[in-house]
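S.K.: Dock chains B and C against chain A, hints included.
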Amino acid sequence: MVFLLQSLINGLLIGGVYALVAMGLNLMFGVMKLVNFAHGEFLMAGMYAAVLLAGLGVPAGFWGLYWVALPGAFLMGGLGCAVYLLLLRRAAAFGEAAQILLTVGLSLGMQGAAQVLAGSDFRLVPNPINGAALRLGGVTVQIGPLVAFAVALAVTAAMAWLLGRSWFGRAARAVAEDIALAQALGVDARRVFLMTAALAAGLAGLAGALIIPYHYTFPNVGQSFVIVAFLAIVIAGLGNVLGAVLGGLLLGMVQSVTASYLDLDLSTAAIYVLFLAVLLLRPQGLFTRRARTV
Amino acid sequence: MMLLKALAVWVLALALGFFAGSGYLVQMATATAILALWGQSWNLFSGLSGNISLGHSAFVATAVYITLVLFVRWGVPPLWGGFCGVGAAVALAALIGAATLRLHGPYFSLATLAAAAVVLALILHYPDLTGGASGVALAFTHNAALSLEFTDGRVYYAIAVTLLFATTLLVRWVRQSRLGYYIAAIKSSEQTAAAAGVHVARVKVAAFCLSAGLTAVGSVVYVFYLGFADPNYLAGLTLSIEIALVAFLGGADFLLGPLVGAIFFELIDTGANALVGASGGWDMMVLGFAVVAAVMIEPRGLCAMAVRGWEALRCAFGYGGKTLAPV
Amino acid sequence: MTARFRGLIAAWVAAAAFLVVAMGQARAAAPVNVALIFPLSGPNASVGEQSVNGAKLAAEEINQAGGIKSLGGAQLKLIVADSTNNPQGSVTTTERILAQHQLSAVCGMGISPLTVAAMPAMVRHHVPLVTNSIAEELITPSNGGYVFQVGAHARQFGEQQVRFLRYLNTQYRMNLTKAGVLYINNPYGLATRKGIEHVTKAAGLEVVFDSAYPGNITDASPLVARIQRSGAQVLFAASYVSDAQLILTALRGADSHILVIGAGGGYIWPPIGQALGKRVNGLLGVAMWNFNSMNVTRNRHLVEVTRRYARLYGTFMPEQAGTGYAGMFVIAAALERAASADPAKVRDALAKVDIDRGGATIMQPGRVAFGPNGGNKYIEPVVVQWQGGVPHTIFPETLATAHLHKP
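Quick note, the sequences are listed as chains A, B and C, same order.
Sequential numbering of the first sequence, starting at 1, is according to my numbering.
Sequential numbering of the second sequence, starting at 1001, is according to my numbering.
Sequential numbering of the third sequence, starting at 2001, is according to my numbering.
Looking at chain A on its own, in the form it has when it is part of the complex (with noise of 0.2 Å):
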């Protein structure tokens, strides 16, 4: 019973991580259309800015990593919304096909940019949140996806506030349903994918920031996260935002009961058999009522 509950803490816990990932993977997928190959490169980058930084300094105490690497994911927040201006604006026009080869290219050229900015050794900055644990009974729980998890749930919360409440949300659903009509009615398209990308990448960066405590940086290392984000923000219905959250914590767990019970060799092809049941029995998402968007 407590090797079941211990498993299901640790898929939760890891299940944040993805959920962070998906939820901008989807985001950008429901309001601009566009699956973004490169999505994982920007946790890698915010990974690779995290230890940039800490390389000038880290402050005392058991959480000074987190202050610079949290104002890392602000870094990629800039950098999505310089994708979007460079590249993403224009290919917004390109068919599906062309847009899924700029993003493939992207990724390949942002991992190859990693490796010659950063070179290609594994980096970890050394700080005591690695290895610390609280033990509750028989189960442990890591501080650091501990962390993750946590903010994971409170950003969850925010981007449900963004989404439902604000101007960007509404502006954004109606984007997302037909852009002629909402541009027709004097909605800023161009500002929504702006935001959007913005959102999107810093959302990748801030999943790097937090794991960046006790996981390495390389400069594939966006690539282990970003396939299971994909599979889930399918199991949740494509573009449904907080879907992607329950998506990414439903995978984790998953993978994590049946890496305990069977075999983490295994886990893999659980979860794409998962998917692939989802996708055939409920092509609209386990957590989408009907085909909608956002």
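No wet-lab data here; the hints were simulated from the structure.
Cβ coordinates follow ideal geometry from the N, Cα and C atoms, glycine included.
Any given hint might turn out to be false.
Unchecked claim - Here's a subset of chain A near chain B, in silico, CB distances under 10 Å, partners left out: (1) Gly109; (2) Gln115; (3) Phe168; (4) Tyr261; (5) Asp263; (6) Leu279; (7) Leu280.
Said to hold, decoys possible - Stretches of chain C that chain A covers, calculated by requiring three or more beta carbons in the stretch to come under 8 Å of a beta carbon on chain A: (8) 2038-2044; (9) 2116-2123; (10) 2205-2215; (11) 2228-2242; (12) 2250-2264.
As the list claims (entries may be wrong) - Beyond 10 Å from chain C on every Cβ pair, some chain A residues (computed): (13) Leu52; (14) Pro71; (15) Leu85; (16) Arg135; (17) Gly137; (18) Leu153; (19) Ala160; (20) Glu177; (21) Asn220; (22) Ala259.
M.R.: Chains B and C only, in chain A's frame:
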């Protein structure tokens, strides 16, 4: 007439390969031809119907592993085992195709991606049968046509080029056949096509199976040419993306698009590797950003770029006005 | 004979000697081309870079000491190329380098699938490959006699892990009988496991946990939960750096006191030390090479080499750099013996060399010669323990320079 021209080009390509001599050039040309063949097969379904498959490596790996397992475990000659491999790939395509019929856009792409991932997981999970992650090495020192073993790389080149030509002619024929028109109709609108009497499901599955089968034929030749099967590459996402990439890059609307894309891809890839590969990371960066630049300049691919350039040139000399239709 | 006359003769002799030497230099033997083909991009780039760094250090040293003497002091000319991280890329790069340059030998790849893929090309072109990859497939008759493995092969890693455990049980009375085996699902992991499987029964060990995992995991806690539940007292692990760090951290978080014996890779390379800081001390691992094994520390010159590496690259000299360095010296010795830059003759010489002097003795136990299929006949992997932030050799006793700090 067209057939005659194609025949002439084919003979010329074979002769060039035969006299090229240098192992490296022939090696590169073989790799390019097979990549182009994969791109061409991929284009037959995905390019024409607009359903982008990101899981064609599933067919590559299935064909390769069925052939190799039959060969290594039970001594079935690869020439015959190859047919079983291709058959298995077609069967897999029928299964995936039938299951994903209702899916469109990114749903279809991600479903094919997941299918390939499951194939990879299965290969890795049964190492006793497949050799697992260690892969299968086929080092050989003598010629045996039945086992597709040739010490001279030019034989593989000849086979690859011949297959590429055959596939290209087949795709050309399909484009102008009833099947081709059906696929084109499905691309513009499934509902309209269905209303017009096209059996959408049957056409889609048939085209998908044909695409997978042609991919599989190329894969069997590929693995014997390379002499090594690495599951993480053959069933991996990188290969799936590469296959789709060359077709798009050349231009999915053009018959010779995948060939142009494959040549461009191999040139940039090897060129960057040769020039800046020694200082890590540069080659990957150059390749990635070259792809980005190509898409930004002309999202319909290199062939479209060439057609546009040709038009501009004609206009500059006063012959403009007539648009070149894609082949 | 007058003093002046004697001086004249001396001057003449000196001038003649100078001329001869100068002429020798003038028709200075053409340089000998050796290619270094390693993954310099993608996830294994750091392995490739370390190997290249080590090999470059060796080539510099050989050239400064007068090059290949039997070839009139020919200098080694290195051609560095990126094998990329997939087998197709490895083949293409190898073919390109073989076509563009008149090579005497290739040193390469470091990562097993890349090396196995390039093997047929080497055989076809009749150019010998000296490798620091560990796959067993490389040293079978199918290599046509063109592959020479300078380090250990993966099965020896597993065997040494178990042998060391027996040593702990007899020497330190640790009485560890329940073992877990955790390995990355790739050729290195699989071969290591085969080696462990091979000897566990004879060692009286009960394997209570045995699992492969896919590389670059995002979370190690499910693995650690299973390991804890299995009741294993010792964990034999084969992983690269990223996964090793996650596994060790999760073990520590779960307050596990299991004894981890890594199979090289992530458990002994510099990044794990940097990441874990002081906590790395006490960690055990098997290495095909370590910079402070006895055969290195008792040789003042080799010690200087490892210090020079540390000054240049900022970390202690890692496993791959050591094997790259040794590989270059092995090639030089073969060139010296062949007295020819012809790759086929270099191959024949490689098959016959038995080196117990010079830079190649950096390999344990200080002597290198190749068996019939190109495996290193003498190689003995060592067990290292992190002490004071660097790995120290602690087993076998003949090569050890430190004692075990009992965990």
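S.K.: Hint by hint, say whether it matches the structure.
M.R.: Hints, verified against the model:
For Gly109(A), the suggested interface contact is upheld, since its CB lies about 3 Å from the closest CB of chain B, less than 10 Å. A hinted interface residue such as Gln115(A) counts as satisfied when its beta carbon comes closer than 10 Å to some beta carbon of chain B; here the least separation is about 3 Å, so the hint holds. With a cut of 10 Å, the hint placing Phe168(A) at the interface with chain B is violated, because the nearest CB-to-CB distance is about 24 Å. The closest approach between the C-beta of Tyr261(A) and any C-beta of chain B is roughly 16 Å, which is over the 10 Å cut-off, so the hint fails.
About 8 Å separates the beta-carbon of Asp263(A) from the nearest beta-carbon of chain B, less than 10 Å, and the hint is met. The criterion of a C-beta within 10 Å of any C-beta in chain B is met by Leu279(A), whose closest approach is roughly 5 Å, and the hint holds. Proximity of Leu280(A) to chain B holds as hinted, the smallest CB-CB distance being about 6 Å (cut-off 10 Å). With a threshold of 8 Å between beta carbons, the proposed coverage of the stretch 2038-2044 of chain C by chain A holds, since 4 of its residues qualify and at least three are required.
By the rule of at least three residues with a Cβ nearer than 8 Å to a Cβ of chain A, the coverage given for the stretch 2116-2123 of chain C is violated, with 0 such residues. Counting residues of the stretch 2205-2215 of chain C whose beta carbon lies closer than 8 Å to any beta carbon of chain A gives 4, which meets the minimum of three for the stated coverage. A count of 3 residues in the stretch 2228-2242 of chain C with a Cβ less than 8 Å from any Cβ of chain A is obtained; the coverage claim is therefore met, three being the minimum. Here's how the stretch 2250-2264 of chain C fares: 5 of its residues keep a CB closer than 8 Å to some CB of chain A, so the rule of at least three is met and the hint holds.
With a minimum CB-CB distance of about 15 Å to chain C, Leu52(A) clears the 10 Å threshold, and the non-interface call stands. With 10 Å as the threshold on Cβ separation, the claim that Pro71(A) sits away from chain C holds: the shortest Cβ distance comes to roughly 22 Å. In this structure Leu85(A) is separated from chain C by more than 10 Å, as the shortest Cβ-Cβ distance comes to about 28 Å. Look at Arg135(A): its CB is around 7 Å from the nearest CB on chain C, not clear of 10 Å, so calling it non-interface is violated.
Even its closest Cβ contact with chain C, about 13 Å, leaves Gly137(A) beyond 10 Å, as expected for a residue assigned away from the interface. With a minimum CB-CB distance of about 18 Å to chain C, Leu153(A) clears the 10 Å threshold, and the non-interface call stands. Every CB of chain C is more than 10 Å from the CB of Ala160(A) (nearest about 25 Å), matching its label as outside the interface. The Cβ of Glu177(A) sits about 35 Å from the closest Cβ of chain C, beyond the 10 Å cut-off, so the non-interface label holds.
The beta carbon of Asn220(A) is not kept farther than 10 Å from every beta carbon of chain C, the shortest such distance being approximately 5 Å. Not every CB of chain C is more than 10 Å from the CB of Ala259(A) (nearest about 4 Å), against its label as outside the interface.
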